[in-house]
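Trainee: Starting from the given sequences, assemble the full structure and let the hints guide the process.
As given, the protein sequences belong to chains A and B, one line each in that order.
Going by full-length UniProt numbering, the first residue of the first sequence is number 1, and it counts up by one from there.
Going by full-length UniProt numbering, the first residue of the second sequence is number 1, and it counts up by one from there.
Some clues are possibly wrong.
Cut-off 27 Å, straight-line C-alpha distance, at most; resulting in silico cross-link-like pairs (BS3-like, lysine-lysine) [unchecked claim]: (1) Lys58/A - Lys80/A; (2) Lys339/B - Lys224/A; (3) Lys58/A - Lys58/B.
Looking from chain B toward chain A, a few residues come up when the C-beta cut is under 8 Å (computed) [stated by the list, open to error]: (4) Thr352; (5) Arg443; (6) Ala446; (7) Ala566.
Since the hints were derived computationally from the structure, they do not count as laboratory data.
Using N, Cα and C, we set each Cβ at its ideal position, and we do this for glycine too.
Number of protein chains: 2
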Amino acid sequence: MASTLLSARDLRFLLYDWLDAESLTRRPSYADHSRETFDGALDLAERVATDHFAPHNKANDTDEPRFDGERVHVIPQVGKALEVLAETGLNAAGLPASVGGGQLPHVVAGACNAWFQAANPGSAAYPFLTVGNARLLLAHGTPEQVDTYVRPMVEGRFTGTMCLSEPQAGSSLADITTRAQDAGDGTYRLFGNKMWISAGDHELTENIVHLVLAKIPGGPAGVKGISLFIVPKHLVNADGSLGERNDVVPAGLNHKMGYRGTANALLNFGEGRHTPGGRPGAVGYLVGEPHQGLRYMFHMMNGARIGVGSGAAALGYTGYLKSLAYARERLQGRALGDKDPSRPPVPIVEHTDVRRMLLAQKSYAEGALALVLYCARLVDEAETAPDAAARERADALLDVLTPVAKSWPSQWCLEANSLAIQVHGGYGYTREYDVEQHYRDNRLNAIHEGTHGIQALDLLGRKAVRGGGAGLALLLETAGATSARARARGGAEAEFADLLDAALDRVARTAAAAWAGGDPAEALANATPYLEAVGHVVVAWMWLEQLVALGDAGDARDAGDAAFRAGKRAAAAYFFRHELPRTGPQFDLVASRDRTVLDTPPDVL
Amino acid sequence: MASTLLSARDLRFLLYDWLDAESLTRRPSYADHSRETFDGALDLAERVATDHFAPHNKANDTDEPRFDGERVHVIPQVGKALEVLAETGLNAAGLPASVGGGQLPHVVAGACNAWFQAANPGSAAYPFLTVGNARLLLAHGTPEQVDTYVRPMVEGRFTGTMCLSEPQAGSSLADITTRAQDAGDGTYRLFGNKMWISAGDHELTENIVHLVLAKIPGGPAGVKGISLFIVPKHLVNADGSLGERNDVVPAGLNHKMGYRGTANALLNFGEGRHTPGGRPGAVGYLVGEPHQGLRYMFHMMNGARIGVGSGAAALGYTGYLKSLAYARERLQGRALGDKDPSRPPVPIVEHTDVRRMLLAQKSYAEGALALVLYCARLVDEAETAPDAAARERADALLDVLTPVAKSWPSQWCLEANSLAIQVHGGYGYTREYDVEQHYRDNRLNAIHEGTHGIQALDLLGRKAVRGGGAGLALLLETAGATSARARARGGAEAEFADLLDAALDRVARTAAAAWAGGDPAEALANATPYLEAVGHVVVAWMWLEQLVALGDAGDARDAGDAAFRAGKRAAAAYFFRHELPRTGPQFDLVASRDRTVLDTPPDVL
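Mentor: Right, dumping it as structure tokens:
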């Protein structure tokens, strides 16, 4: 019985037949790994996700974290799952061996993570935020900070958070007011309130390591005056034992539509509930240099954005597999035009419109998963490629793809989950089935870690123009190489290569047209349709990449494999014929510098 | 302070300046009414919806109906709201005076109903289903049945249901197995199980009148053997008093993602819990002729489908108004390019992408409301137009518009609610704000009363081809007349008239192209994109109708009115420039008779 979380077969195709993950084992960083250790990690992730995360996904939803005014209570299954995760080492599979991590390449660790995101995004958020936190400290912390905070995170004893938003400052971090006063002893004292802090408080682990953006009084105004601090829930003594309670306390939890398993807290810093060392304020330790906090945080944020895309893809994927399983079993109606009620009803997968909804889901979910794994592979390339030019190239391509990898899965795998409900009919709208929860959970992804609109401004306002459009040019060159390979194969690949080339041509031309007037307000008025159109073009490219990889991998070896290949071909065809054409009117609109929205004054709405 | 449920100003514009509802008072059916009585009903509906329905909308969601194994418990606020509704007569505002109803035209009653659908769809479903039930009995029941069941429904003492689906037969009514055995005394005895019965059991009223589809043994197989029965929860004595408990009992409730205020039951008929008259089976009374049940039920169903569209539009509308209010108040960020953090943040409505999300919502919600009221106006025309040709014409146009009026608001006002969440950012994803509930509630509308895919088959498989495509031709002729009037005005109206004409041209040509191969499976393989494209064209027409009506109504009378007009113009412009172009690739796909989905075998998914 195949899993309804993800397809192990597809992951292996993506990792090995397409992204050539095995070649990474020839690099020094991954020399201790092999195809066997990769497969072992993937199998283990599937098993732990299936046995320890999926079973309480619904309980996370129905029995969400609770705040009693003092403590945050999370159902015990979450703690148990995190324990198993730490025992297996999967919590830190992608972290360096130097701190006790598994040293897996990003692309393999990313594939492992997708199992947990499909099984239980609420519980998976705790270790995922912890890894992001650890990576930031590995990059910008001192050796002591790494020893004190990262190692216990790797061991599963501490979890981590990122504390950016405040009640009055969400997307606009320039306006944060949390302040960090120099205590004169090498530490700082923090005062302020942070909002939307995922995994912000709980008792699942001994300690919580908050990474907090705050302003040092007297520093520059706006984002240039933001510094980054470690603020542990409990102070850590020199020997690693826990010391005093720090003055960071939950003030309440947010009650969300979905994603309920992750305790999401409003945190007060330095409100006076505790006074470590007898002095007011939450003790904080500066990370790196003062006023560089936002830059450090974006180190974590870019990874988090791809993680959001991966989470959206994983939910889209499991919704697809569950609705496919349902459609194969549920009997209803007869073939079109068959009016003979004496014949038995057919499985609904026989109905064309049901297959349309399944094929659309497949094209979104598999396309999105391919995209986020491609990005993870670029991270590996940026970190470990033998020559500097290749590393820079991967970094530049990743830079331009990040807003797409965050936003496209969030939009289209939500749509996939809506289609998964629709395939189930009324049953899918009930809480007896999983898909309604997936839909609610997935709706978060277009909001957190930078909203959809913020991603659009990032793409058209920064990534598409920086360096004279070098990032876009690199994207077009790379995707163009794919279509050249595909065209050489003829047949459907050649058809799709032509479609992709035409769409790629519009990507750069449209950005240029948007900016041709020289007015940023006008250029960016339609940034969101631009982001969405580019997203569809990028995912079309991912589909063509997969078709090329199918071809490279030789002929079908068995019947199951033939079905796998035919399914990939059908989903690619669906994407090129039903989806990619959507971009035409979007590019037209952006290129025309349509001012309808820009010129609508707020008071007429 | 304007309502955030609906806009009373917009309703008056739609009813009077556009749909000329006042002219209906010159017809005998509505001769007792006047603009004043219409306004009185609208004001009353707004007040009752605001004071008695909106306040417990959230409680309906958090404290959903509960089944204790015997009885269904609904929060008391629902009963109180229904009492007020019956006291004001708004529960039966559109039913004939002959049975105690308010005899309002459908278009005015529809506008009144929209207030309740915006305020609290869960509670509003009880009276709405009752009205549908009453209308069916008025059309097909005997005078005794009307006296016994309809009058108490008008008085608010009974509610009604429609019992179609069974666990194994949802969209495929041919497969229902509930059977009705002739008891030999003019009554029948029913045995079977019905699923998804909204308002199926509760104790809000003295009695519940179930209208049940069942098969009389020995009748034709399939849909041709379906008959319709009245099955009251409590038998009704000749003097109108309640008699024995009938053998229809709830077996459980469905726990839904949204729309939770409406108790949705699995009902067992004749399982033996009660034995009225000492004999097994639930007592049922045949409505009309045997084996004509489906035809009668569709009398109710067509109205219910427009009601679903109206409910979707109302939720889209209130989500729009709430996110607009939020966007005017929430301060965040600065104007594009303003990097000076010392300046205060601006209301987010100043950000272009936020205005885009508001304008999109406005174009969807106001467009959808216009469409459903236009359909209600057609019902009035079909019932009361002075000459037979006009009545037939209205009926034919309504027939072709019904699948669009059901499906388009369900799709796009759900998208509006998603945008309403997005405007609120993280706050919109929490249960502290209303919009996440609207989104969950609205997701039902693409499922019940005929799924999205069923509407698509209805449009392209039946309505577009029946009578040689006469329905479509009538639609095109009617919409074409609108564009001719708009073109004569010049300016933006002329621009939009050209765009509408080009799109209308594709509506008929594409249907013809889809069917050109003569193979229904091929023609209907892309029925859903066809439905969606036609929906966008129809709503563009509705927008042009509104612009023409704005012009007809003369110049702005005051500043508030000028803003109203400018808002309508902006939303129309948004719809024509950002939305209508989406249809191009959809029509291309359908016209090409793309076989991608059709040719994908189920086993490769």
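Trainee: None of the hints should be skipped; say for each whether it holds.
Mentor: Each hint tested on the structure:
1. Lys58/A - Lys80/A: Roughly 16 Å separates the two Cα atoms, so the pair holds.
2. Lys339/B - Lys224/A: It holds: about 11 Å lies between the C-alpha atoms, which stays within 27 Å.
3. Lys58/A - Lys58/B: 22 Å, holds
4. Thr352: Since chain A brings a Cβ to about 5 Å from Thr352/B, closer than 8 Å, the hint holds.
5. Arg443: 7 Å, holds
6. Ala446: Interface hint status for Ala446/B: holds (7 Å vs cutoff 8 Å).
7. Ala566: Hint holds; Ala566/B Cβ to chain A Cβ min 4 Å, cut 8 Å.
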